[in-house]
Structure formats: C-alpha cells, structure tokens
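Undergrad: Heads up: the protein sequence lines correspond to chains D and W, in order.
Residue numbers for the first sequence follow the working numbering, beginning at 1 and rising by one.
Residue numbers for the second sequence follow the working numbering, beginning at 1 and rising by one.
Watch out, some of these pointers could steer you wrong.
To be verified - Simulated crosslink set (SDA-like; lysine to any residue; CA at most 20 Å straight-line):
#1 D:Lys-262 <-> W:Arg-42
#2 D:Lys-16 <-> D:His-59
#3 D:Lys-96 <-> D:Gly-269
#4 D:Lys-262 <-> W:Pro-41
#5 D:Lys-96 <-> D:Glu-266
#6 D:Lys-262 <-> W:Cys-43
#7 D:Lys-96 <-> D:Glu-222
#8 D:Lys-16 <-> D:Asp-132
#9 D:Lys-96 <-> D:Thr-237
Hint data in this document are derived by calculation from the structure and do not stem from the laboratory.
Quick caveat, the model's predicted, so the values are computed rather than measured.
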Amino acid sequence: MSDPRIAGASVTQFGKHPERTGRDLFAEAGLEALSQAGIDPEDAEALYYGNFMGELAEHQGHQGPLMAEAIGLDVPATRVEAACASAGTAVREAVKTIRNGEAEVVVVGGAERMTNIGTAAATDALAIAADDLYEVRAGMTFPGAYALMARSYFDQYGGSHEDLAHVAVKNHEHALVNEHAQIQQEITIEDALEAPTIADPLGLYDSCPITDGAAAAVLTTEAYAEEHNLDAPVAITGTGQGGDNLALQDRPHLAQTPAADKAAEEAYGDAGVGPDDVDFAEVHDCFTIAEVFAIESLGFYERGEGIAAARNGETTRDGDRPINLSGGLKAKGHPVGATGVAQLATVAWLLDGSHPRADAVPDSTVGVAHNAGGTVASTTVHVMEVQE
Amino acid sequence: MTESAQDGEYDAWLDSIESGDGYYLECSNGHGWLPPRRVCPRCHDQELSAVDLPESGEIASHTTITVPTPQFEDDAPYVTAIADFGPVSVTGLVRGVDPDDVAIGDVVGIDVGERVTTGERAVVFRPR
Ligand SMILES: [Zn+2]
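Using the sequences plus the hints, can you model the full thing?
TA: The structure is reproduced here in structure tokens:
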C-alpha cells in the first residue's frame, strides 16, 4: 500500500464570480493542477469531484462526467456530495483508490457556484444540508444552526462573542497575503462585535462569505512519482471520516462534534501520529464557533478550552500551533464543494514551503485538514506529512 | 394552487400536536425519536412505540434569526429553538415572548402555528 503523493494542486481566486460557470471554474483549477503535476493527462485514471448545490445554483446534476470533460479527461468520474464536506469526502475516495491499487493517478477536486443566485437563495440552498422536516421548516438556517451550537457551548463551558471575534480577527489577518482569498482586509475586535447580527450570538464577521471557486489536486503513487521524477514531497498519510445524526435535535450534545472526534481518531491512527505531532491545521471555520469545535475535536484542546485559543495567541501565525494560515473559510472564502480540496492544497503548500504563510511554520512536517459538512454530521480529517 | 401530497408521518405527527395528542417514538431501551422512524439509530431496536409527548419542555438552545431563507422572509426576526422534552428534543419557533427574554431552561409548551411568509405549518413553542 502506497500513501498517495500530492503531485500538483491548484485553487482559483475565491470570491464573487457570478458570471463564471461551475465548469469554467473547475477547468481552471483542474488544468492548472495537472500542468503543475507534470503528468500526462492520458495517465489519469479517475476523477472524484465535490459539489453541493449544483442542482439549485446551476440546474446541473450529474456533474462528474461534465467536469472530467471540462479538464479533458475521459475517465470514470464521480461526484461526491456531503454538504460542505463534499470535497474532503472526494479526497478520501481518491486516497482509497490509490491505496487499493486501482489507479496510479487520480484527480480530485470540487467547485461551487453560489453568488449568481443571491444571498437569500444561497441561504436557502445551504439550509438543505439540515433536516428538512424538522429543522428547515422550523426556520433553521445554516448560521442559525451554528448559533444554537454556539449558545449551547457558552452555556456549558463559558466563553463569549468576544472570544469568537478573536477567531475572526486572526483569520482575516492570516488571509492578508493569500492572493486566492476572497477577503484580504484586516478587521478589529470592535468591527467584529459591532457588525450586524445574522443569528444571535453570531454576526456578520462570525460567518464565512458566500463564494464562487474551485480547487483541484493530482494524487499519485510513490512509485509513479519516482519513475516520472515528479516533485511530490508531501503524502497523505492518514484519512478518517465520521458521521452523526443529521438533525441537531437528535444529538446528545449541542456543544460537541463527535463526527469530527471519530474522523480525527481514525486519521491519526491511520497515519500513526497524535495531536501533539501536528504542526498546524486547516480547519472548517464556516462560522467562528466551528473553529473552536474543530480544534477541540482534533485533540489540540480539552473540551471547553478551544474558545480561548485565538484570544491567547496560540492559534495565530506566531503561536505554537497556527490554525487556518490561509485565512480559513472565514476570510479565504467557502465555495462549499471545493473547500476540502482547497484545504488539502493549502496544507501541501505550507509543508513544501510554497505558501505565502509558510514562514509561520518553517521546518514543519505534519499538517492536518479538517472538513465538516452541515452541522458536522459529516467530517473528514486528513493527515499530510513531508516524506524523505 | 396545486395540491401537494402529505408528508406522510410527519404531517400526521403535526396533526397530533395540533389536536393536543402529541407523541414521540420510543425504542425498548428508552431512546426517543420523532417520526418517520423505523429503527432506533442508537441501539438498532425496531420495536418502536408511540408514547405521549410531555406537555412541557425546556429550551436547550435558541437563536434569533435576522437573515432568513426566502420561506421565512416576513417572519424575520424570529426565534428558533431546540426544546428538550425528556427522551426527545424538538426544533421549533418560539412565540408569545419577546426574543430578548428567551433563555436556556425556559419551560415551553408545544403547538402548531402558521409561518407568516407562506402560511405553512410549523412547530411553535410558547412559554408556560
Ligand atoms: Zn434505542
């Protein structure tokens, strides 16, 4: 069994591109990833592709073959859907395909077009990641669901909106040098606290923007990389996935994310590492509180202690374990179906030194990507390590 | 207006709440769920029976939503909450109280109300 190497990766500029089709966005990322990998497209044997709201935003289902065609591949192509964890789940399928020897070269990616339908329709489309009968019909929105979790966290463990503001300020600051980021704008604690409320206690700056964008990566075997002299020092050494009840009301805890606990445990076990070995992580901060859940589930903090991490400077770029050096979903943007692969690309670039924030983690060898779907009813965790 | 089909046991459950005979489904091990449900996802038991829903529950968490979906445009701002009714929790709209006065632990009754924007039915909690 060979741990897949990341031979090439690419993300488009994340932001508002209402006039760009999903297939055009994905073609840009996919062609660039293939070109960077230096792999003959004829050698690609499969595509796993993440997308969430294509039917609603573009009236387009069956996107697997469409996207393979868009990047010039004639391969079995499968769309993977797990809400905001669609691309993380696609990565997992790609890893399994390489590991079980079914293919030597696999393209994995994702794309989402969201701004063309406007904020109200996008809010509606995102809400269908929740339980339609019991949550959406009770007025639940995606921010609303995380607001319920945030309030429950404050009630059980303490913490305040101001703690969350520190997460937002940190991630905005991290994104300042990321040319792919949707928002490259510094904000203050006051900005975050005074921003309009979306679903209390969460305000505008606790929430990731609505984003168009795509990401792609080319995975290959160690043997193929050696044989073709590819520059592919980073391997995916651990993969994990966890699930939970879809509706918040059916879970024993509103202030914990056990699906992420399970995914982390599996991924760490698979890679043979533990939380203390991890130098940095890209986590799913669709809302500021989500970053807190993520760093607790990844074992970086005890339950109830993740809330103070950003405020204490521990997860900032000059802290001991930087979180979301890309700016996270919060500032980088969250084109839902592309996010998991954009995280994979970011971790690879931070490990190989080519990311603009790589100076924050020099000599790092282990990075983690955490991608969550819905209110964390789906989660994937991937461990990446520098080989040699 | 085109007539749409009933959403099976979900609409039947709303009817039961509306008529004051609310229930939930309980497995032999006491895990509670809302219909439709054929198996307990916690213990795999398929012997689910209808049990009377307690008359009151406690707010477990709540939020006032100011940016709604289009189906709730005219309802906003409104309070959505999860209320704990013992073995089962339910998500609904909190009415009959100022949003600023809703708190975790508040005791509420369950009812069915109309959504302002669409006139469709929704679970509603009121203080009691
Ligand atoms: Zn049971």
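Undergrad: Confirm or reject each hint.
TA: Outcome of the hint check:
As the CA atoms of Lys-262 (chain D) and Arg-42 (chain W) are separated by approximately 16 Å, the hinted pair is consistent with the 20 Å bound. For the proposed pair Lys-16 (chain D) and His-59 (chain D), the alpha carbon gap of about 19 Å is at most 20 Å, so the pair holds. For the given pair, Lys-96 (chain D) sits about 16 Å from Gly-269 (chain D) by alpha-carbon distance, which is consistent with the 20 Å threshold. Between Lys-262 (chain D) and Pro-41 (chain W) the alpha-carbon distance is near 17 Å, which keeps this suggested pair within the 20 Å criterion.
Distance restraint check for Lys-96 (chain D) and Glu-266 (chain D): the Cα-Cα separation of roughly 14 Å lies within the 20 Å cut-off, and the hinted pair is therefore satisfied. Restraint check: the Cα-Cα separation between Lys-262 (chain D) and Cys-43 (chain W) comes to about 18 Å, which is no more than 20 Å; the hinted pair holds. At roughly 14 Å between alpha-carbon atoms, Lys-96 (chain D) and Glu-222 (chain D) fall within 20 Å of each other, so this suggested pair holds. Proposed proximity of Lys-16 (chain D) and Asp-132 (chain D) is contradicted: the alpha carbons are some 28 Å apart, above 20 Å.
Taking the CA atoms of Lys-96 (chain D) and Thr-237 (chain D), the gap is near 11 Å; set against the 20 Å cutoff, the hint holds.
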